[in-house]
Amino acid sequence: MLFEEYGTDHFQTIAINHTGAVGLIIITPYPSKFQNVRLANTSCGYGYSSMKGGVGVRLRYYPEGKYGDNSVELSFAGIHLNAYEGEYYYLQRNANLLRIVRSLDFGDGYGLIKPNNHVFILGDLNYRTTKEYKKTSVVAQNLLSLADQHSEVDTEYVNQLFVQYDELHNALKNGEVLFGFSEGKINFKPSILFLSTAKGKDSKQKNEGLPVVGKYDCIDELLLSDHRPVFAHIDIPFAPPKSIISPMSGCLEIVSTGLTSDESFSGFEQLQGIDNNTHIESGPTAIYLKPTKLDLLIHTLVTPFMDTTIGYGLWFGTTSEGRLVLLIFALLCFSLWYLFYICS
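The working numbering numbers the first residue of the sequence shown as 1 and each following residue consecutively.
One thing to keep in mind: the hints can contain errors.
To be verified - Dumping the calculated PhoX-like pairs for lysine-lysine here, alpha-carbon to alpha-carbon at most 25 angstroms:
1) Lys66 / Lys173
2) Lys135 / Lys66
3) Lys114 / Lys131
4) Lys131 / Lys33
5) Lys173 / Lys290
6) Lys185 / Lys242
7) Lys33 / Lys66
8) Lys131 / Lys185
9) Lys114 / Lys173
10) Lys114 / Lys293
11) Lys66 / Lys185
12) Lys33 / Lys293
13) Lys173 / Lys131
14) Lys66 / Lys131
15) Lys242 / Lys173
As the list claims (entries may be wrong) - Label-pair restraints from in silico Cβ distances:
16) Leu324 / Ser32: 49 to 55 angstroms
17) Leu301 / Pro29: 46 to 52 angstroms
18) Ala330 / Gly47: 34 to 40 angstroms
19) Leu296 / Gln12: 31 to 37 angstroms
Calculated directly from the structure, the hints in this document are not laboratory data. By construction, the Cβ of each residue, glycine as well, lies at the ideal position given by its N, Cα and C atoms.
The whole structure should be built from the sequences, with the hints applied where relevant.
Structure representation (structure tokens):
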């Protein structure tokens, strides 16, 4: 696929970043055109552990090479959020998504959202298609019909179900998360591997992008995990969109940019229409988007402690070596107790 696009199989890795099981790798056939690479990571798993969280890469693109005069900054985030259906978990995903966007600290005073940036969010966001799953419901039957891997894909029907039921789509539409962002049109089946023991788990791997999403699909042939990989071909204008973060307060600022609530990008012409849209309410908000001192404290102290605790807990509880060490430690403690309290 990359060879067909670029006419070469010579790609160079310019950035690798990971936390827990979340990773982000940036490759390019033009490494000299990318400079000033910055990395960031944050966690939002149990007790702020790295079982869930996000990683970020920020870099500057020089279309004429690193000695050129023109450049633009690009920011990418790979995110893994909590699963499960229900209003509680939905609101938790929204809160964790906001926290990740804010607490990804690139060392330049900003989180993921920065003025004069193109920002891309991708990953397994785990948004569902129903708050209360019931196998016999009409909603479930409509969604489970997509599990038939032998039937032809009716792309318009898939998109119709997506628009009607997808939590993330409706959250974007209602302005509850990621204001100014939009996802490409979904017309492929859910990328989760449907198994007889996993029916009803109707999450989808997401890949949000801003501005023009050309090809957006999943690769059915790769069955290496519980999700088929999703890819998107996105064309972006050189000039970044209007900033949605106030440079003075660091808070979210609603401006007449991004997509209107009920549409998805299909061409550059939409940019002009969106920028000229006078029906979008604008103004400052109280949603802070820059990393805080509390975020730094959690990242440097709480997360490492929780990762170590959970890691050793899993090692002691799930491996033969860990259980052996735990048994030896218990026998040693019992022996010391017996010698000092029973024999004395």
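Okay, the hints, checked on the actual structure:
With a CA separation close to 39 angstroms, the supplied pair Lys66 and Lys173 exceeds the 25 angstroms bound. This hinted pair does not check out: Lys135 and Lys66 have alpha carbons roughly 56 angstroms apart, beyond 25 angstroms. Distance check on the hinted pair: Lys114 and Lys131 sit about 33 angstroms apart at the alpha-carbon level, beyond 25 angstroms; violated. Annotation: proposed proximity of Lys131 to Lys33 is violated, straight-line Cα distance about 45 angstroms (limit 25 angstroms).
A C-alpha spacing of about 24 angstroms is found between Lys173 and Lys290, which places the hinted pair at or below 25 angstroms, so the restraint holds. Taking the CA atoms of Lys185 and Lys242, the gap is about 23 angstroms. The hint holds against a cut of 25 angstroms. The hinted pair formed by Lys33 and Lys66 meets the criterion: a straight-line CA distance of about 5 angstroms does not exceed 25 angstroms. Among the hinted pairs, Lys131 with Lys185 is consistent with the structure: their alpha-carbon atoms are about 22 angstroms apart, no more than 25 angstroms.
Distance hint between Lys114 and Lys173 is fulfilled; the C-alpha atoms sit about 22 angstroms from each other, no more than 25 angstroms. With a C-alpha separation of about 18 angstroms, the suggested pair Lys114 and Lys293 falls inside the 25 angstroms cut-off, and the hint holds. Of the pairs offered as hints, the one joining Lys66 and Lys185 is violated, with about 34 angstroms between alpha carbons and a cut-off of 25 angstroms exceeded. For the suggested pair Lys33 and Lys293, the alpha carbons sit about 34 angstroms apart, so the restraint of at most 25 angstroms is broken.
Proposed proximity of Lys173 and Lys131 is supported: the alpha carbons are some 17 angstroms apart, at most 25 angstroms. For a cut-off of 25 angstroms, the pair hint linking Lys66 to Lys131 is broken: about 49 angstroms separates their Cα positions. Of the pairs offered as hints, the one joining Lys242 and Lys173 holds, with about 19 angstroms between alpha carbons and a cut-off of 25 angstroms not exceeded. Take Leu324 and Ser32: their Cβ atoms lie about 52 angstroms apart, and the range 49 to 55 angstroms holds.
Look at Leu301 against Pro29: about 41 angstroms separates their beta carbons, and that is not inside 46 to 52 angstroms. For the pair Ala330 and Gly47, the supplied restraint of 34 to 40 angstroms is violated, since their beta-carbon distance comes to about 25 angstroms. Separated by about 32 angstroms at the C-beta atoms, Leu296 and Gln12 satisfy the suggested range of 31 to 37 angstroms.
Violation of the numbered hints given earlier is confined to hints 1, 2, 3, 4, 11, 12, 14, 17, 18; the remaining hints are satisfied by the structure.
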